[in-house]
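These are the residues of each chain, in order.
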Amino acid sequence: MPRPHLALLAALLAASGVFALSDRIDPYYLDVLVGIGINIILAVSLNLVNGYTGQFSLGHAGFMSVGAYLSAAVTLFLGPQLLGAGGGTALAQNALFLAALVAGGLSAAFAGLLVGVPSLRLKGDYLALVTLGFGEIIRVLIQNFEPLGGALGLNGIPASTNIFWVLAGAALTVFTVTCLVRSTYGRGFLAVKDDEIAAEAVGLDTTRYKIVAFVVGAFFAGIAGGLYGHFKQTISPGGFDFNRSIEIVVMVILGGMGNTVGVVLAAILLTLLPEVLRPVAEYRMILYSFLLIVLMIARPQGLFNFRFDKSKS
Amino acid sequence: MLTVTDLSVSYGAISALGGISFTIRPGSIATLIGANGAGKTTTLRTISGLLRAKSGRVTFGGADITKLPPHQIVARGLCHVPEGRMIFSNLTVDENLAMGAYLQKDKERIARDRDYVFSVFPRLKERLAQQAGTLSGGEQQMLAIGRALMGGPKLLMLDEPSLGLAPKLISTIFEKIVEINRSHGITILLVEQNANLALEISHDAFVLETGRLVMQGKSPELRANPELKAAYLGG
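Chains as they are written, first to last, in our numbering: chain A, 1 to 313; chain B, 1 to 235.
Extracted from the complex, chain B is given alone in its bound form (with noise of 0.2 Å):
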């Protein structure tokens, strides 16, 4: 579905990833684990292009996407739901949903995502009037996702969807992460610092560390995986 070639980045001189390459199988929940400053976000951001690859290839559904431009990366069905519930706030929670279905054209599929959404957060049918910038922020994380599901994506890509939030409601995100998976079939890839939570949901997992990837399997091996362990899941 996704594929990764020798993908590498900079920031000016600063190597972030230094040629990784991975692919996720359609319809499974991938995760990209790895400390703070791997380049867990950066491979996000290069693959729905909001960054520029150094070099590398991207490819979705069989096609070439590393150059494309954003919007017409997220027009082949490959949604980023960015870290830090990066919500419009000055929007009601009813116009980011109508900003995130911005690409669609067919209103009655927009009416059908939007039914869907609120099957998955009856919450937000709730607030529809109200201001997204005054959503607690479980509500506002549900929003985002929300907002990205009205995209009609075929691969949903979190960043971080547990940031700041309790440990209850990272459980109840966590929850309709998977029910998304399932009941829609939409392929996710989930980056998470949370790596435990991350690989209890999830078929696949890549380890970053520095910029490249050191590890990789089925989520349930490295779990077991003593190395990682060590490392990341604390003892």
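Chain A with its partners taken away, still in its complex shape (with noise of 0.2 Å):
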């Protein structure tokens, strides 16, 4: 079995395994292990997109809020209806939310398609504005949607989701990015962020891998959503604002664009972050935009880069 494959079977067995102890756990740190885990989700699925293609997007917390709602609704109104009065056995609740999750990804894809089939042609700050507005648009569009709960948001969603679909999911996304920008088809990502006029002189379709990236990162996002309405038992538009985009785009920048392992560890590193220095209470949110401050000054091409950057050539 080629590595990629051993390393999620590993990574899924670890899931399993902690899901088992997970009784024997602290509930602060199993809460905290789970945002972490959505939280490489969302900045390796971002990282497809950012890092990997060089397209830069500001509206991932957009496609997580259209994953988390739609998956929400398929366990809020059918899930009543296919489980029956009784709700449903075990085995039928975590196939509905199996389901639930992977409506939510597809219909976040389909986001991205809808955004990226108009915006890709656009670069740089440009495509970060459309992104951004798009984010936005979403946003209002729901806090004005009654039957999805306006500006109150859904509350009352099953807390389906436990540590095991965190950590799966979380090592799916690392494992199909991975293997997405190591095969021969893939490595078009690459070459589409070095050198877009190169890319199509070889006869990529530049256009079309950028929609691909797009896609498959909003799918993430929005499986990383549905986890996350799943956990909290609540969502409001306000949790998927600007914000939330910033703080995912940070996570790929300060784990090196285009590095997975990199920014993995900026996700672990920069949820437990704050949850670190609590102890410092009103002082905490200054601390950590200090340190983001030094770690950018410090490590300018991403904590854990140690390739070739052009822009210092």
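Watch out, some of these pointers could steer you wrong.
[To be verified] Using 20 Å as the maximum straight-line C-alpha spacing, the simulated DMTMM-like pairs for lysine to aspartate or glutamate come out as follows: (1) Lys168(B) - Glu179(B); (2) Lys105(B) - Glu126(B); (3) Lys105(B) - Glu95(B); (4) Lys154(B) - Asp204(B); (5) Lys105(B) - Asp205(A); (6) Lys67(B) - Asp241(A).
Honestly, the hints are just simulated from the structure, not real lab data.
Starting from the two chains in their separate frames, assemble the complex, guided by the hints.
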């Protein structure tokens, strides 16, 4: 079996191991761990777009919200009809949850396609602005759409997310992105980032590559959204605002654009940092920001990026 | 082989090419010379589909390719080495070559093309696992040409291969261009500011001036042309 597949298997086994022990772990640590896992999914999938393909997207929270709302709608509105009054067996509940997650991912991917096709002809700052605008549009739409709870959000979502789902989701995301960029097809993402004109000149359909990266990235953001909603049990449009997108972008930049290991570590670090800084209470966010600045000055190419940097040559 | 008919291109309101026509003979080396801003790069980019023509036609091997997207033009065997050694600097030399063969499905042919690239540029074989961005300028140009050769071109378009290279390296690259043309019969369209060198190795030459074709003919004849000498060859 090739290495990434072995690693995936090991990660899935580890996830079930952690799940089996989850009764004995302090719920607070479990909470943090779930947060880390969801952030890994978000950061690694955004890294495919921003890092590997070099398209600056600021709309990841938007895709996350699409997935969160759709999967919550599936379990909340379709669930009772499908599972009946008794709530169904544990297996049926998990199957429904899986279906809800996939539906959330697919709807986010579809949203990615809708945004990507017209906007990926734009470059750099312009694309960033369009994706930013998209994220806000989604948020405002949901805020004013009463069947999805409007500004109050959706409450009473079943707590289907557990540590196994999250860790398995993170492992699958890392696995998919790694295999994708290492494949012959996937080297095209890096080629588009390195030099778009040269990529076109050797015969790549660059627009298509960008759309694929966008759609795959959005899919996993949708999954992360679904996991998040079924973990917090309540979602509101405010939770998926511009700040959320920025948080994910920071993880990608800090980890090193186009470096999955780095981005995973950055996601862990940046989820832990606010927790570790809790004792300093009101100075927490100042310290957090300060540390970010220091890290960016010390390692502008990303914490764990040791590859050649074109801008420095 | 390649016929350009009355081709016009503009960037917004600014006209870059004002209706140029020329034909490239199969198996030849043709060169497009002219000063900065004459429209040489624009011509190449329009032929390879990176830019859209305002009017006019480009036919390649008898088929109209004017409106085709770049990847379909490459698939027909028209490969473009863009100006400024645009290699994939974060990929290795090996991966760059693999990207060049992106549209090739035939594994045997890819292996043959690789061997051919190594026979032309042995240096690339020594640097296979190296990240392309760390190559020297000359090696990067070799890689850019080698990558285009992996696409199995019938016509190879080179945009300023001498740009930013030391004189000794320039002559090496030009020798290689002649070798590629002779040994493999690949037709070459060369865009150069270094008109002297370009005329020396080419068969046909076209002179562009502010978006218009002002002179064309056999390269040796143009080299002797006093008008051209005064304008481009330094007296």
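Going down the list of hints, with the structure as the test:
no., hint, result
1, Lys168(B) - Glu179(B), "holds, 17 Å"
2, Lys105(B) - Glu126(B), "violated, 26 Å"
3, Lys105(B) - Glu95(B), "holds, 16 Å"
4, Lys154(B) - Asp204(B), "holds, 17 Å"
5, Lys105(B) - Asp205(A), "holds, 16 Å"
6, Lys67(B) - Asp241(A), "violated, 42 Å"
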